[in-house]
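**Q** In order, the protein sequence lines correspond to chains U and L. Anchor point for the first sequence: position 74 equals 74 in this note's numbering, and the numbering is continuous, going up by one each time. Anchor point for the second sequence: position 25 equals 25 in this note's numbering, and the numbering is continuous, going up by one each time.
If you're looking for bench data, these hints aren't it; they were derived computationally from the structure. Please read these numbers as outputs of a predicted model, since none were measured by experiment. Cβ coordinates follow ideal geometry from the N, Cα and C atoms, glycine included. It is possible that part of the hints are untrue.
To be verified - Listed next, the stretches of chain U that the computed footprint assigns to chain L, with coverage defined by at least 3 CB atoms under 8 Å from CB atoms of chain L:
| hint | region |
| --- | --- |
| 1 | 12–19 |
| 2 | 98–106 |
| 3 | 121–128 |
| 4 | 132–146 |
Claimed, not checked - Taking lysine to any residue pairs in the SDA-like style, the calculated list, with each CA pair at most 25 Å apart, reads:
| hint | chain 1 | residue 1 | chain 2 | residue 2 |
| --- | --- | --- | --- | --- |
| 5 | U | K146 | L | F60 |
| 6 | L | K63 | U | Q76 |
| 7 | L | K58 | U | I143 |
| 8 | L | K58 | U | D3 |
| 9 | L | K63 | U | L11 |
| 10 | U | K146 | L | V97 |
| 11 | U | K141 | L | A59 |
| 12 | L | K63 | U | P137 |
| 13 | L | K58 | U | R148 |
| 14 | U | K141 | L | K58 |
| 15 | L | K63 | U | Q12 |
| 16 | L | K58 | U | P79 |
| 17 | U | K141 | L | F60 |
| 18 | L | K63 | L | V46 |
| 19 | U | K141 | L | T64 |
| 20 | L | K58 | U | L131 |
| 21 | L | K58 | U | L139 |
| 22 | L | K58 | U | H142 |
| 23 | U | K141 | L | R62 |
| 24 | L | K58 | U | G83 |
| 25 | L | K63 | U | G113 |
| 26 | L | K63 | U | A151 |
| 27 | L | K63 | U | I143 |
| 28 | U | K146 | L | A158 |
| 29 | L | K58 | U | W138 |
| 30 | L | K63 | U | R45 |
| 31 | L | K58 | U | P137 |
| 32 | L | K63 | U | V82 |
| 33 | L | K63 | U | G147 |
| 34 | L | K58 | U | N145 |
| 35 | L | K63 | U | C135 |
| 36 | L | K63 | U | L17 |
| 37 | L | K63 | U | P77 |
| 38 | U | K141 | L | Y61 |
| 39 | U | K141 | L | L66 |
| 40 | U | K146 | L | A59 |
If you want the building blocks of each chain, they are given just below.
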Amino acid sequence: MLDRLHQHRRLQLLLGLLMGVLFGILLQKGGLTHYDVVLGQLLFRDWTVVKIMLSAIIVGAIGIFLLRSFGHVRLQPKPASVGGSAIGGIIFGAGLATLGYCPGTVTGAMGQGSYDALTGGFFGILVGAGLFAHCYPWLDKHILNKGRIQAQTLPELWGVSPWTLVLPMILVMGLLLWLIERFGG
Amino acid sequence: MHWLQMQSWSPYVVGAAMGVLSWFTFLLSDKYLSCSTTYARLSGMVERRLRGSVVEQKAFYRKTPLIVDWQFMFVIGIFIGAFLSAFLSDSLHLEMVPELWRQHFGDTPVLRFLVAFAGGVLMGIGSRWADGCTSGHAISGALQLAISSWIAVVFLFASGVIVAQLMY
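Isolated chain L, as found in the complex (with noise of 0.2 Å):
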């Protein structure tokens, strides 16, 4: 298990093993990688428990049930498989401040949960927006030819690139 223990692999190894992953993620499951709907799950099951059934008879959720399925066990198993990785190559370790960061804006925490936040909740809604994120579009529904996706790669892309020379 030596290459469990090595802090990194070669991009070109990480990126084909994801593209065998979707073989069989389509073969056996007849899924593709994806991970964004489990968030609006969670979100309705969250508020399910705050507000009471009334939540399921929203249309959105009507179209996408509060159940826990393939992908929602997906997501589990990343969080897992990232544990697992990081802790095996001894890189497992708590920061809230990521290093180019603080090198631009400091190591204050609340500014960069703040931002976060703010990065999150765009996310949660423009991955709902769009159908799809970065494994659903960029990977499984690029691989597929898929239109929706190619179109929102380029607007994905070319907004994250934007944003990101305007913050730095």
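Same shape as in the complex, but just chain U (with noise of 0.2 Å):
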């Protein structure tokens, strides 16, 4: 691994701009900054979404399990539960529907002139933020932890090698970009 790199902290923050910039580029060349493309999605009208999050990931995991097979990066699962990740992305699909841009995307469509993002959605999010913050130490007594899961990824819950599990991932995911690709429009 890159230690004295990851550990160069002011080189870190420019690494960090500079992807970001190249993210942004990304989603804004891709419509995900879009309100119509992303409510698109969800009412099943436009698959932009669905196509570029399966291609993302099918061209990522394979980098990333080959890079980890070589030791040079390390994997980083966040811990699931029920409580936690269940409950949380059902408030995030909530608000997804209704805002129509996502925290990353948000930003973007900032920068591209659409207001609604910034009036409406970047102050909401902080809003949104700062109240979790300060219900955390309840939330984390009472809700977050409920139905915790050990593992943290899915081939150390079914005790398999990783492998056996990206390929046919892979496979099912460009099943579904060609069905998307043939029936989806």
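Take each chain as given, in its own frame, and dock them per the hints.
**A** This is the structure:
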């Protein structure tokens, strides 16, 4: 692993900015910074979001697990729980459908001139995050850790090697993309 | 730089490029693509400005210190990148009410603002609750085969679809 590079704080801040610029270009060129595209996906009228996500996961997974096989990267999965991951996902999904941007694309949408993303989205997310931080001790004690799953990744959970899951996953996702291209439009 | 002037790129090109970008975030920065924690930090920083350093003592901010880190710069970068992309392709334009919204709910900015703000609050809460957002869970977590991410993605998508169907 490139430990010395990882610990170089200033260089990392610069790398973060550069990679963010690239990601911002990709989000905007992909149409993900548009409310209509995100809502179009949730209404199953426009499959852009799923196409981008699946191709990102396929290409990303191949590279990450190859790099990992050679010991160049470490995985960083987050702990899973029903109270956290599932309930949080439900709240987030409701937010996504009403706002039409996510925390990443909201800044991208601001950059292209959509000021519902700034006035509503950006400030709304800040208020929501602040509210969560305020209620965090209570939530952490009573809800977030309910239904905790000890394993962190699917290969760990099922006791198989990562590739026995990565390869079938890629095949299934590829098939899904083909079906979308064929029937989804 | 002809391709930077294009209005849009194929979703497969964009997705594949995001996948390649994620290799480099892991390799060069030991990070995965994600955004939402930055809002928690920024929110805490704003609150600290208003209420002083007592804010740093909150349990959540002890866990998530109020610092400018890699991801914070990444989110600033997204703003710059999207601006550049829109500017170079001549698609920069000020808009408060998106087209699809206008067709169904009219062009009243106040209504759009109120719903977008409510959505933002839900998203701010939900992304911290699930400990990740669309980039952190649906792309980065999913490609690592993280259980938390696959659970979050399934529920996120289902809930998004239901709410969108109810609205339209």
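**Q** Hint check: L/K63 vs U/V82, CA-CA at most 25 Å. Holds or violated?
**A** 21 Å, holds
**Q** Has the given pair, L/K63 with U/Q12, been kept, meaning a C-alpha gap of at most 25 Å?
**A** OK: L/K63 and U/Q12 at ~21 Å, within 25 Å.
**Q** Are L/K58 and U/N145 close enough, with their CA atoms no more than 25 Å apart?
**A** 19 Å, holds
**Q** Next pair to validate is U/K141 with L/Y61; report whether the Cα-Cα distance is within 25 Å.
**A** Holds, at roughly 16 Å.
**Q** Mind taking a look at whether chain L covers the region 98–106 of chain U? Criterion is 3 or more residues with CB to CB distance under 8 Å.
**A** holds (count 8)
**Q** Taking 25 Å as the top limit, are the C-alpha atoms of L/K58 and U/L131 close enough?
**A** 12 Å, holds
**Q** Straight-line Cα separation of U/K141 and L/L66 no greater than 25 Å?
**A** Holds: U/K141 and L/L66 sit about 23 Å apart, inside 25 Å.
**Q** Given the hint that L/K63 pairs with U/G147, does the C-alpha gap stay at or below 25 Å?
**A** Holds, at about 22 Å.
**Q** For L/K63 and U/C135, compute the direct alpha-carbon distance and say whether it is at most 25 Å.
**A** Judged against 25 Å, a Cα distance of about 14 Å means the pair holds.
**Q** Does the alpha-carbon distance linking L/K63 and U/P77 stay inside the 25 Å limit?
**A** 17 Å, holds
**Q** For the region 121–128 of chain U, count the residues whose Cβ lies under 8 Å from any Cβ of chain L; is that count three or more?
**A** holds (count 8)
**Q** For the pair supplied as a hint, L/K63 and U/Q76, is the alpha-carbon distance within the 25 Å limit?
**A** 17 Å, holds
The structure fails to meet hints 8, 10, 25 and 30 from the earlier list, while all remaining hints are met.
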